[in-house]
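As you go down the protein sequences, you meet chains A and B in turn. Mind the numbering: the first sequence is residues 92 to 379 in the working numbering, read in order. Mind the numbering: the second sequence is residues 92 to 379 in the working numbering, read in order.
Think of the hints as simulated: they come from the structure by calculation, not from any bench. Warning: the hint list may mix true and false statements.
For identical chains, the list gives no copy identity; a pair is met inside one copy or between any two copies.
[Unchecked claim] In silico BS3-like pairs for lysine-lysine, Cα to Cα no more than 25 Å straight-line:
id, residue 1, residue 2
1, K203, K352
2, K318, K226
3, K114, K203
4, K114, K226
5, K326, K191
6, K226, K203
7, K318, K161
Bear in mind the structure is a predicted one, so any value in this text is a computation, not a measurement.
There are 2 protein chains.
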Amino acid sequence: NLAAIDGNRDSEFDSLTSSILEKTYYNVETHQPESLDWFNVLIAQTISQFREEALNNDNIYHSLTESLSKAPLPDYLDKIRVTEIDIGNDFPIFSNCRIKRSPDHGGRLEAKIDVDLSDTLTLGIETKLLLNHPKPLTAVLPVSLSVSIVRFSGCLSVSLISTSDEVLEDTTLANIPSSSTSTLDEGEKGKLSNGTALMFSFASDYRLEFEVRSLIGARSKLQDVPKIGNLVESKLREWFVERCIEPRFQLIKLPSIWPRKKNTREPLNNPSSNVDDNTSTLNAEEDS
Amino acid sequence: NLAAIDGNRDSEFDSLTSSILEKTYYNVETHQPESLDWFNVLIAQTISQFREEALNNDNIYHSLTESLSKAPLPDYLDKIRVTEIDIGNDFPIFSNCRIKRSPDHGGRLEAKIDVDLSDTLTLGIETKLLLNHPKPLTAVLPVSLSVSIVRFSGCLSVSLISTSDEVLEDTTLANIPSSSTSTLDEGEKGKLSNGTALMFSFASDYRLEFEVRSLIGARSKLQDVPKIGNLVESKLREWFVERCIEPRFQLIKLPSIWPRKKNTREPLNNPSSNVDDNTSTLNAEEDS
């Protein structure tokens, strides 16, 4: 009787969940949302480092140019050239973190976090609009436009799972219609065994605001610019929806945080590191 | 003038840090410590899953037996056999999280978190004590003892860094006297480039309490048991100190959380996943 087995599994799971909540002193119904100001600082510090690196050696320009040259384009668009990049100078703010039971994953406990980003991330490009009717290349219109993401807000769901957990059996690689999906093989799930994975997704009522501007030519001469702007905006939105808007979620295997010798570091200016054999130092610390 | 360059770098770093704190509304001097109750729940859920797995198929017994059989033993100890394993049933409590400037890593911002674990993690073993004086195997004393970790508390420092960051240049693989250190090669640092890494360590005033019990024989016949208990305790303490007690720290490369197709999943019971070509579904969502 499969229903009975499922029922047993569910009630076992419920009692496990209750025990976890009890031992961590968390009441899902009454616990106040918690702030994440410390997390905002750590994330901002990391983003700030990435921005420095991206700007220092034009990394961002080169990788964007490369990915745009590889992207499949509709037949009415010429090759796209990057003319402007703004990687922003503000940071996302995470707040209002609370634990809820996930309705999607059998009552698993997950953290819901509000995310807000008010920043301007701009990509400016030049291309040509190709009019192929009534016959190919009837007209060629140079187009220069910039697309900015100016605001994102949404509710992020986060949980940690053991990668041998049955949630993996109850999910599938999202069926994204694209040529590159074919590079995935059956090995993906096997690679995830024995470890912890981060699951995250955004609720479908997210807000993602764009600003699209035409940079050259009179608007009367470039009547198709809104169409291109809409195309770019819809591609970006589709990219996001396809990957991490519920019910879809990202599942990312985390490395083990078990302390290991190979991951151990010490500052070079630490006096004990100047000693070839620091067994004596360690023994002294042992007694403390 | 190296000092001047260092000075410039420091003041640039300071203004960057100030800007990060300002934009994330965090005042290091006045901000109240934050609770991490949500994190305790997520961590407890993961630990709970690992415990189930460890118990289900004796994984923990087999891996402990294997690692004990490989461990180098002093010549007065016979082979060690595992007789008791208790992997605990409580969870660590993280609390009191606050952002501070790290004195060790050039003012980098790090989170300080109090960690407390009251649980009983027990390893019971059987072995033989070999007395090799005045000549080899003068006496062989069977010994059975159990070592429990009953309490851990300490202050955890956590930060995120870009792996191309200069902190990596200012650190070195900790000089741990052990045969297995020799398996490390120059490639370790190269592997870390281009990504984010988690740095963590514990302050040296941590508390780690053990209980060591002799399980067989009269205490008068086993006068060396305290010595073995001390040996095991000191080995465990040394293991910990060598890896993650300041100034040493663990540096663990994190995977990219950038949403990718290959990491995208959806629940099998999601109606849209039953549609072979769900482009239409995605287009509908795009408009929301």
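How the hints compare with the structure:
1. K203 with K352: Close across copies (23 Å), not inside one copy (35 Å); limit 25 Å.
2. K318 with K226: So K318 and K226 pass the 25 Å test inside one copy only (20 Å; across, 92 Å).
3. K114 with K203: Classified as both; 20 Å inside a copy, 23 Å across copies.
4. K114 with K226: Intra 72 Å, inter 54 Å, cutoff 25 Å: neither.
5. K326 with K191: neither (32 Å within a copy, 41 Å between copies)
6. K226 with K203: Intra 53 Å, inter 67 Å, cutoff 25 Å: neither.
7. K318 with K161: within (22 Å within a copy, 67 Å between copies)
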